[in-house]
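Produce the entire structure from the sequences given, and follow the hints as far as they go.
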Amino acid sequence: MLIDRLRGGTARLVTGIKESKLRHWIPILLLFILVVYLFMGSACFWFFEHDRHEQSVRKWYMNLAVNRRHFARSISSRIFNDTRNLLIIIDREQTERVQQLLVESLKRYEDRLDLRTPDRKEWTFLNSFNYAYGLILTLGHGAKIPETTGGQIFALMYCIFGVPLFFGTIAIALYQCVIPLLSSNVCTLSRRFLFLQLVIILYFAWNLLMAVFLYYQIFEDFWASIFTAFFSGMTIQVPSAHKVTPCGLLMLLLGSTVSAAIIILGIIVAVSAYCPNATSEFALKAWIQYLCNLRLVFTNQRGCTAMRRTVWNRLQLFSSWNMASRIAVA
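Oh and the sequence shown: position 56 is 56 in the UniProt record's numbering, straight run, nothing missing.
Just so you know, the hints here were simulated from the structure itself, not pulled from any lab data.
Ideal Cβ positions, reconstructed from N, Cα and C, are used throughout, including at glycine.
Hints are not guaranteed to be accurate.
Below are the DSBU-like pairs computed for lysine-lysine, each with C-alpha atoms no more than 35 Å apart in a straight line [claimed, not checked]:
#1 LYS107 with LYS59
#2 LYS59 with LYS144
#3 LYS121 with LYS144
#4 LYS59 with LYS121
#5 LYS243 with LYS107
#6 LYS107 with LYS144
#7 LYS243 with LYS144
#8 LYS243 with LYS59
#9 LYS121 with LYS243
With beta-carbon atoms standing in for the labels, derived distance ranges [to be verified]:
#10 ILE172 with GLN55: 39 to 47 Å
#11 ILE263 with ARG58: 21 to 29 Å
#12 ARG97 with LYS144: 38 to 46 Å
Next up, the structure:
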């Protein structure tokens, strides 16, 4: 049957990975795939949005100039229509000169206002990279969204596959690096709690360091820097994202990635400290037995026994912290 062939192929693949040294290269392979995925997303967002955004920006400035000149013409007509008791003689040339002076005055007045005009460089490749990076990091960019329908559909599909890839890669890489240190043969329970406290201290120290960077490079208010550092560190949002330069936003995204990695590290250490038997050999056997009991509804006992033996032989990586540490060190 197709299901049996698929299960057999998966079992052979897992066996090959387990018996070879390929599993030691899995984190590096995932990191490479993640980097390629980021650049692919950046190129696609640039392709979908760059030309469309430039056209919309040119149209916006053109409409602004037309409205400004129309408003200056209406002002000049009102001024000279209301001067009935004044001896003012004005010809066509003087009218155009007055209207031009009004247009320049209105333009200077608009420059003094804190208006948020559309940026022509909003969808450069660097900004597209920052947007793709922020999507898979689940870090908001304020009101910045793709304008085209293709860009919006691609952003949705990009997040569906990119978010699990991003956080899964970080979790697997940290798991491979940290699990030998958390082995019961190497690290006792008290040391695990000490390790957890050090991770918490590291998280706050890193965010304070990011706040200092933001204070000296971007913001002038230290409280705003702390607020932005911790909000972005928890992958919630980038407050006042329009005030941050593209290079500063890239540094902020990298810092938020480190903060997210520290949080995942804290979760791994907390699980090893508070639930040392959560992934034990006994728990895994009980879970496999439960799945096999459900399987009995659709198959016979012999098939269930074979499935239990196959799952038990292929998933020893997740049997316990001790088993995982021995596999990682081997």
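Quick rundown of the hints versus the structure:
no.	hint	in the structure
1	LYS107 with LYS59	holds, 17 Å
2	LYS59 with LYS144	holds, 19 Å
3	LYS121 with LYS144	holds, 13 Å
4	LYS59 with LYS121	holds, 15 Å
5	LYS243 with LYS107	holds, 23 Å
6	LYS107 with LYS144	holds, 27 Å
7	LYS243 with LYS144	holds, 13 Å
8	LYS243 with LYS59	holds, 24 Å
9	LYS121 with LYS243	holds, 14 Å
10	ILE172 with GLN55: 39 to 47 Å	holds, 43 Å
11	ILE263 with ARG58: 21 to 29 Å	violated, 43 Å
12	ARG97 with LYS144: 38 to 46 Å	holds, 42 Å
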